[in-house]
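Asker: Model the placement of chain B on the given structure of chain A, informed by the hints.
Protein chains in written order, with my numbering: chain A, 218 to 617; chain B, 378 to 720.
Be a bit skeptical, because a hint or two may be false.
Said to hold, decoys possible - Each pair of labels, with its calculated beta carbon distance range:
(1) 439(B) x 402(A): 35 to 45 Å
(2) 435(B) x 451(A): 57 to 67 Å
(3) 367(A) x 547(B): 50 to 60 Å
(4) 539(A) x 601(B): 51 to 61 Å
(5) 389(A) x 546(B): 23 to 33 Å
(6) 254(A) x 601(B): 50 to 60 Å
To be verified - List time: in silico DMTMM-like cross-link candidates among lysine to aspartate or glutamate, alpha-carbon distance up to 20 Å:
(7) 501(B) x 611(B)
(8) 505(B) x 601(B)
(9) 450(A) x 601(B)
(10) 527(B) x 645(B)
(11) 306(A) x 408(A)
(12) 527(B) x 531(A)
By construction, these hints were calculated from the structure, which means they are not laboratory data. Backbone N, C-alpha and C define an ideal beta-carbon position, used for all residues, glycine too.
Listed below, chain by chain, are the residues.
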Amino acid sequence: MLGLNKADARLYLIVVAMLVLAPFLLNPFPEGSGMAQFNAGYPDLMQKLVIFGIFAVGYNILFGLTGYLSFGHAAFLGIGSFSGVWVMKLLTMNVIPALLVAMLVSGVFALAIGYVSLRRSGIYFSILTLAFAQMCYSLAYSVLTPITGGETGLTLSLDDPRILGVSQTETGNIPVPNLFGLDMSAATTIDVGAWNFTFSAGYYFAAVIMGFAFYFSIRLFRSPFGLMLRAIKSNQTRMSYTGLNPRPYTLAAFVISGMYAGLAGGLMVAMDPLAGSERMLWTASGEVVLMTILGGAGTLIGPILGAGVIAYLESIISTIGSTVLYNWFSGLPEGLSTFLVNIIYPFVGSGWHLTLGLVFMLVVIFLPGGIVEGGKRIGGIFRRKNNEPSDTKTAAEPGE
Amino acid sequence: MEAIILQVLNGLDKGSAYALIALGLTLIFGTLGVVNFAHGALFMLGAFIAVTLRRVFNLSFQTIDETRTDFLGNAMTVNTPYVEHWFGPEVGSTIIDWSVPLAVLVAIPIMGLVGVIMERGLIKHFYKRPHADQILVTFGLAIVLQEIIKAFYGANPIPTPAPEAFIGSFDFGVLLGFDPFSIMYPYWRLVYFGFSAVIIGAVFAFLRYTTFGMVVRAGMADRETVGLLGIDIDRRFVIMFAIAAIVAGLAGVMYTPILSPNYHIGMDFLVLSFVVVVVGGMGSLPGAVAAGFLLGILQSFASMSQIIEIVPGINQVIIYLVAVVVLLTRPRGLMGRKGVMEE
Numbered sequence: 218m219l220g221l222n223k224a225d226a227r228l229y230l231i232v233v234a235m236l237v238l239a240p241f242l243l244n245p246f247p248e249g250s251g252m253a254q255f256n257a258g259y260p261d262l263m264q265k266l267v268i269f270g271i272f273a274v275g276y277n278i279l280f281g282l283t284g285y286l287s288f289g290h291a292a293f294l295g296i297g298s299f300s301g302v303w304v305m306k307l308l309t310m311n312v313i314p315a316l317l318v319a320m321l322v323s324g325v326f327a328l329a330i331g332y333v334s335l336r337r338s339g340i341y342f343s344i345l346t347l348a349f350a351q352m353c354y355s356l357a358y359s360v361l362t363p364i365t366g367g368e369t370g371l372t373l374s375l376d377d378p379r380i381l382g383v384s385q386t387e388t389g390n391i392p393v394p395n396l397f398g399l400d401m402s403a404a405t406t407i408d409v410g411a412w413n414f415t416f417s418a419g420y421y422f423a424a425v426i427m428g429f430a431f432y433f434s435i436r437l438f439r440s441p442f443g444l445m446l447r448a449i450k451s452n453q454t455r456m457s458y459t460g461l462n463p464r465p466y467t468l469a470a471f472v473i474s475g476m477y478a479g480l481a482g483g484l485m486v487a488m489d490p491l492a493g494s495e496r497m498l499w500t501a502s503g504e505v506v507l508m509t510i511l512g513g514a515g516t517l518i519g520p521i522l523g524a525g526v527i528a529y530l531e532s533i534i535s536t537i538g539s540t541v542l543y544n545w546f547s548g549l550p551e552g553l554s555t556f557l558v559n560i561i562y563p564f565v566g567s568g569w570h571l572t573l574g575l576v577f578m579l580v581v582i583f584l585p586g587g588i589v590e591g592g593k594r595i596g597g598i599f600r601r602k603n604n605e606p607s608d609t610k611t612a613a614e615p616g617e
Numbered sequence: 378m379e380a381i382i383l384q385v386l387n388g389l390d391k392g393s394a395y396a397l398i399a400l401g402l403t404l405i406f407g408t409l410g411v412v413n414f415a416h417g418a419l420f421m422l423g424a425f426i427a428v429t430l431r432r433v434f435n436l437s438f439q440t441i442d443e444t445r446t447d448f449l450g451n452a453m454t455v456n457t458p459y460v461e462h463w464f465g466p467e468v469g470s471t472i473i474d475w476s477v478p479l480a481v482l483v484a485i486p487i488m489g490l491v492g493v494i495m496e497r498g499l500i501k502h503f504y505k506r507p508h509a510d511q512i513l514v515t516f517g518l519a520i521v522l523q524e525i526i527k528a529f530y531g532a533n534p535i536p537t538p539a540p541e542a543f544i545g546s547f548d549f550g551v552l553l554g555f556d557p558f559s560i561m562y563p564y565w566r567l568v569y570f571g572f573s574a575v576i577i578g579a580v581f582a583f584l585r586y587t588t589f590g591m592v593v594r595a596g597m598a599d600r601e602t603v604g605l606l607g608i609d610i611d612r613r614f615v616i617m618f619a620i621a622a623i624v625a626g627l628a629g630v631m632y633t634p635i636l637s638p639n640y641h642i643g644m645d646f647l648v649l650s651f652v653v654v655v656v657g658g659m660g661s662l663p664g665a666v667a668a669g670f671l672l673g674i675l676q677s678f679a680s681m682s683q684i685i686e687i688v689p690g691i692n693q694v695i696i697y698l699v700a701v702v703v704l705l706t707r708p709r710g711l712m713g714r715k716g717v718m719e720e
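Chain B on its own, in the form it takes in the complex:
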């Protein structure tokens, strides 16, 4: 029992990341009719916004500390980050410590801007072109973005820790009445799960309770009719794209403490998120979210050593196997509707 609960919990954070990327992908599919292979790159950009912010906070100047000497008797130089100098050592170090959550605030405008630039500069010209062209041009863009990141940050993963307050694990065992320490779950993963639940909830609420959201949902159901009603679809497309970019970016920012980001983290998540979208049913937002969590949890179950002993390597292929089985039995995915992305 403990093992099952643990695996469900373990799957949640990965599932959250899949769900967030798949949510953005589905929004863009459904409203704009564009297949965005660069969506993983947006996730990666978010992660590197967190990395960059931490580096900016750590920018420091050197001073000579007369009170301390090294073993030769020379005065030691001390690196003081500017933020500590300006805000005082206490507040300054707290700011550095909290750089990942603070990066969320920075990432929202940046990712929004990136989304707008991407839509206006590139995607706009591809609405009328075949899906193959959309896939190809966004695939090219994804390569370009990840190579730019590689040129600036190198190929190695960059560890970006969570705030100290969230280091350590929460003991679910005691909470649920099992033995202490039987189910341990890192605090930051809880934060990530909660964060993604909030984001998903916000996106759904936005679509459900605002006029804008109503129009977007109408557009997902029947794009042409909405256009015929005289609604300025173009402006809404930009906003939708920006929202999807922000969601992917925030997913990336908050994921950095869980998996140190490197330049191909976007591609890794993209392939899986596409599978998630297909399993969930293309164009279905609840489908994308549900399939994201489902596949994340399945993946962590498949990584259990007891299961790997029976079926070696199942953890590597479980997601693809599920995708194949789902598509063969329910060709539109778990919650797919007719007529979305079908040629």
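Only chain A is shown next, with the shape it has when bound in the complex:
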């Protein structure tokens, strides 16, 4: 189907089904119940999950397939965001041109940065990308303030010269991003019993883009080009001895992953038309690395899982304050509840980054293959129980 083999097609259909049904899947708890804050079925969060999924899928093409650890991919996300907002300011509020320009501009930047960084490999490459990203951040934060908005960020304003479209709506507001008239913030809510399911145009638009992005990534994984990238990861020296120059392949992978990041950045502004330089900080690059690793670098589905888990945890955990904790443990004896709150509190709310760092370390130490590897191991345990020989071949296979 669609040029995919059976297993890939099944995986793709599962991902598409998850995307379509996300408003239901992410809303398992009734509204108003104590667990309702674990619901993730509201448009903002669903869009975020999908956008970071695209970012991580693209990052995986570079890191997972090629093995080049870039610490500066957030720069492309930021560049995509800034160029997206500029298209909206100058041209039209339609999101399609914004996305295209975001991909194009970040692709150009990726070409320039990749050309220089890829002259070195290994740790040098990581540090070079880090240095470039930090340079982009410094520029966006201070020097390029007329273009990037500096500290406050870049926003739409009432006097933007929008060539195709109006500067202001009739009511004097800034027009909202749309897709040929379909308002990105439009949403309908369906009440089923105690549950509210929200369907938003913005989310489904992002989900369609995700569908395309994921399809492209599968095709790329299975293509001769993808095989070449894997060869670069496994042994670059041997590959050059066979007469192949790895540089064009790595550069292409770098540009493609940079364009994915730009697409994600463009989608961010399509959902919410503002861009800030903090999106380009190197800790943000670290987060996408973590997403890819947590899910399983080099696997197809891994980055999506990782991005989903991290973006979900970030949104949910960072909203848990001490009062919420006290509510949870209100049934317990006072000493015990205070004790539990004191134990848990540093890890939630504003302490989210501590949890992130710990997850990072634990995954790298104990589960370098990520969630996918973990799932395989658990599957392996069950299979051994059925007295089947343990399947070592699947573990050794590169990629999914």
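Answerer: Just chain B now, with coordinates in the frame of chain A:
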């Protein structure tokens, strides 16, 4: 002329900090083959040892001073730090005043211990793993450490002054025969520069003149052969890591009066120190030190208002630009050797 000398001096303290962190990074690269993204966090820990020590010295108890009354006629309560109570007001206040230099003494064992724990508990298991894994796990550790500090000390910078004797500026103008007050340089920055020169000298002397140092240098040149000679590399690795941690920690302790430490000071310095290491040449100790000072001085030159007027924002990006130019022209860095960290 005065302006140039001033900028060179201004660059020295920042350069010293870069050089000290880069020195530790290079030691760990060269001997252990580990890329330590948590090294900036060690610098930050050092800075917060100074902050903590000052707080400990300032711990006080309340007494009621019958001789003084507030405007309502009640007796006033007075906070007396314990150190003043125990050692007498004169000596006590001097101790508080000198908390930053005293923190150096406390930091040496603490940072050594931190280094040993880090190496034995975490880094040891990553010698055989790819560099990417080393980067990632130490990056995670750096986040954890800085978040712990944030939880205890908050997100705001904590001013930690130098001893009163070092407040004020030294007039280089008179010394060099220029107009008085033309070149003013704060005393503490001189102290910092001297301190880092001593530390760098000590590390180099240690590597140059001790048997241990000889083995370490041999290990940096060819690790496998040294191992084949039957030398217990493991124990030396721990010691090297502890030394690198101490150097980073001391750099942090002494830097507190120059820049009030906050929880992300480590990350800020780490990125720049990595660039320094790359420019200097990975695995080259003199390269790391020279590049640290060079980039520090370049950065302060780029911050001159005359230069910013010509090229706006150059002070933000000069270091990265230099790194790019150096790597494109001399891929191994200024003093790099072949075969270090090359895959």
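Asker: All hints are to be evaluated individually against the structure, with a verdict given for each.
Answerer: We went through each hint and held it up to the structure:
no. : hint                        : in the structure
1   : 439(B) x 402(A): 35 to 45 Å : violated (58 Å)
2   : 435(B) x 451(A): 57 to 67 Å : holds (58 Å)
3   : 367(A) x 547(B): 50 to 60 Å : violated (37 Å)
4   : 539(A) x 601(B): 51 to 61 Å : holds (54 Å)
5   : 389(A) x 546(B): 23 to 33 Å : violated (56 Å)
6   : 254(A) x 601(B): 50 to 60 Å : holds (56 Å)
7   : 501(B) x 611(B)             : holds (9 Å)
8   : 505(B) x 601(B)             : holds (13 Å)
9   : 450(A) x 601(B)             : violated (25 Å)
10  : 527(B) x 645(B)             : holds (15 Å)
11  : 306(A) x 408(A)             : violated (37 Å)
12  : 527(B) x 531(A)             : holds (18 Å)
Hints 1, 3, 5, 9, 11 from the list above are not met by this structure, while the remaining hints are.
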